[in-house]
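Undergrad: Those protein sequences? They're chains A and B, same order as listed. Numbered per this note's numbering, the first sequence spans residues 1 to 370. Numbered per this note's numbering, the second sequence spans residues 1001 to 1370.
Careful, some of the hints might be misleading.
[Said to hold, decoys possible] If you want the footprint, here are the derived chain B segments under chain A, 3+ residues with CB under 8 Å:
#1 1065-1072
#2 1242-1254
#3 1334-1347
Derived from the structure by calculation, the hints contain no laboratory data. Note that the structure is predicted; figures quoted are calculated from it, not measured. Ideal Cβ positions, reconstructed from N, Cα and C, are used throughout, including at glycine.
Protein chains: 2
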Amino acid sequence: MGSLRTFYQVDTVITMTKTNTTSVGSPYIPSRRKDKIKFISFGLGPVGLLILQAAVARSDFELVGAVDVNPSIVGQDIGRLIGNNREIGIPVSPDLLPLIDGIISQNQVGLVFHATQSFLDQTTPQFIDLLSCGLNVVSTCETLAYPYRRYPNLADQLDQVAKSNRCTLVGAGINPGFLLDLLPIFLTTACQEVTGIQAVRNIDAAKRRGPFQKKVGLNLSPENFTQQIETGQLSAHVGLAESVYLIGDTLGMNLDQVVEEHRPVIADCAYSSAEVEIEAGRVRGVNSFGRGLRNQQEVVRIDFNAVVSSQEYEEIKIEGYPPVIWRNELGTAGDSATAAVILNMGKRVVAAQPGLLTAVDLSLPHFTRT
Amino acid sequence: MGSLRTFYQVDTVITMTKTNTTSVGSPYIPSRRKDKIKFISFGLGPVGLLILQAAVARSDFELVGAVDVNPSIVGQDIGRLIGNNREIGIPVSPDLLPLIDGIISQNQVGLVFHATQSFLDQTTPQFIDLLSCGLNVVSTCETLAYPYRRYPNLADQLDQVAKSNRCTLVGAGINPGFLLDLLPIFLTTACQEVTGIQAVRNIDAAKRRGPFQKKVGLNLSPENFTQQIETGQLSAHVGLAESVYLIGDTLGMNLDQVVEEHRPVIADCAYSSAEVEIEAGRVRGVNSFGRGLRNQQEVVRIDFNAVVSSQEYEEIKIEGYPPVIWRNELGTAGDSATAAVILNMGKRVVAAQPGLLTAVDLSLPHFTRT
């Protein structure tokens, strides 16, 4: 064994200068660029378009097709649709199948950016079509971020279809998929013990898109809000239970109950800005939260507050040893960050093992342009 | 293709209550416990002992051996060494080889916690011994956190030895290995573009261990500090260049120069506390920083400040789109967090592919007790 020690050699001498400064390591040698990831955009609503726009602007992605059922955009050139001055020769296709006949046969598509609906029972047929064509998929579908609890049977079926077609399906996004689940999970790396996790995201609902404002019930009466939440007409934030379960199951917290709740925040005075007007006594926003319980004790809690004229921030608190509190005083710009998470996770999805996975199963995500 | 759509079924009905509350998902079914990870502690200085202590306290690790060359502890029972009331039947061995003759043959060891020296040319013979025995290793060796630049040849040799013995070697720790590199890298997941990264860690040197205080030169004269840094007698913080390169290379920032610098912080008055006394005009602490340059522009900068009586915090700033600033106002408790990172990364190392890897190559690290 001793002779093994002669294997090694010191191969860099560190030179100190008189200013206590050291220059370390060899200069950067650019690696050969990998092939671009060829992608299809599936779903071109506001979020789908943002993702598409961000991907088209980058040198490491290449658009090969786009799908949306909306008749008002079917047939339009993507270049025009994302506000570019010139056409790029790719029109919106109303259906996947004619599109893939032309491009999948050449086995050139690596990834689908999927952005349609929030609930997995709505999106499963779309995923089955995409996976059956051998396409890797990263999706904004909120309940896909951790599908095993709300939809155990669907999750099982999708995993089987993905595996038998040797491709990968992952749900991602800023929330669920990053801020209130993946980031708290990652921050526990510095903890020897974790007894509780709380994560809060606070956004100013006035600064968000119209469909988002509608989703959280702005300007409804309190009674209307409650009624529409109860009947499912109003979704508010979707994916609270998914974030809580992703945290609880990943960290081995043995949750025995997860509860979601949506409470209206009522305006005590009128709010008026360029973007939105709220009357006093009407819904100014929502406090949506998910709680993970073990033996009737709350061990995970995530809060998503979207309230007109409130301060934007995020805070993640890990109770344990040592305890940790991280805070983002700026708040995360929701839409552009969502597109970023989808693009950056998408690169991981292409390299991942086949099957239905979560963001925790992928190798450490991060931005890169290469 | 259309018939595939009949595959799916909705398998959970969400029931709303009158309080806007929903209980989601099926109750937790505990999975069968996996086997404990059997480990050897290699190096029982202050940090090695902390790691050992933390691992012994957990139900998911099992100590099978311990190695240290220090004659004052060789032969001592580990139970006594970590301050327990009873012996546990495992004495400190002065060498790896007699130890592994007894235990490796049964192929029962999954992991080595390695905590000896800071520079890879010092630790390489130890790693070659460990890897040659087929042992997975996670180490606090600072320059192992990203060894490819300072020690390209050693890195290549260690990778070959690890691969040919089908085991994995990773450098980790709170810093380098987490706070000033892995965490900033992970936070870029929410960015479409990254143009610069700055990370600062500020610690109160008065609250740290004696060896640490010595390492940063407390109470030296400014002249002595500079001289001892220049001759290498004083290391200050090790691994700045490793953090900068880990960030720059991972994010594809094409750094063409990385510079390390250590500046003494001089006491303008006397500091006196239970832990430490500093005379006016003497070294109160150090500002160590690493800078990553591209075309003479600083695109990565990490600062590690260890100064007596200064506020503890960390701050990570990502310049890009969207920009991000995260701050930990508490500061991270260095020693207990180091042990945590080593334990939590260690679990990932056991499952990883063979070779010399970095924390970025592992799947998302996190705390778990299962």
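Undergrad: All hints, please: hold or fail.
TA: Going through the hints against the structure:
1. Restraint check on the segment 1065-1072 of chain B versus chain A: 0 residues with Cβ-Cβ distances below 8 Å, three needed, restraint violated.
2. Beta-carbon proximity to chain A at under 8 Å applies to 7 residues in the segment 1242-1254 of chain B; the threshold of 3 is reached and the given coverage holds.
3. Given as covered by chain A, the segment 1334-1347 of chain B passes the check, having 8 residues with a CB less than 8 Å from a CB of that chain where 3 are the minimum.
The structure does not agree with numbered hint 1 stated previously, though it agrees with all others.
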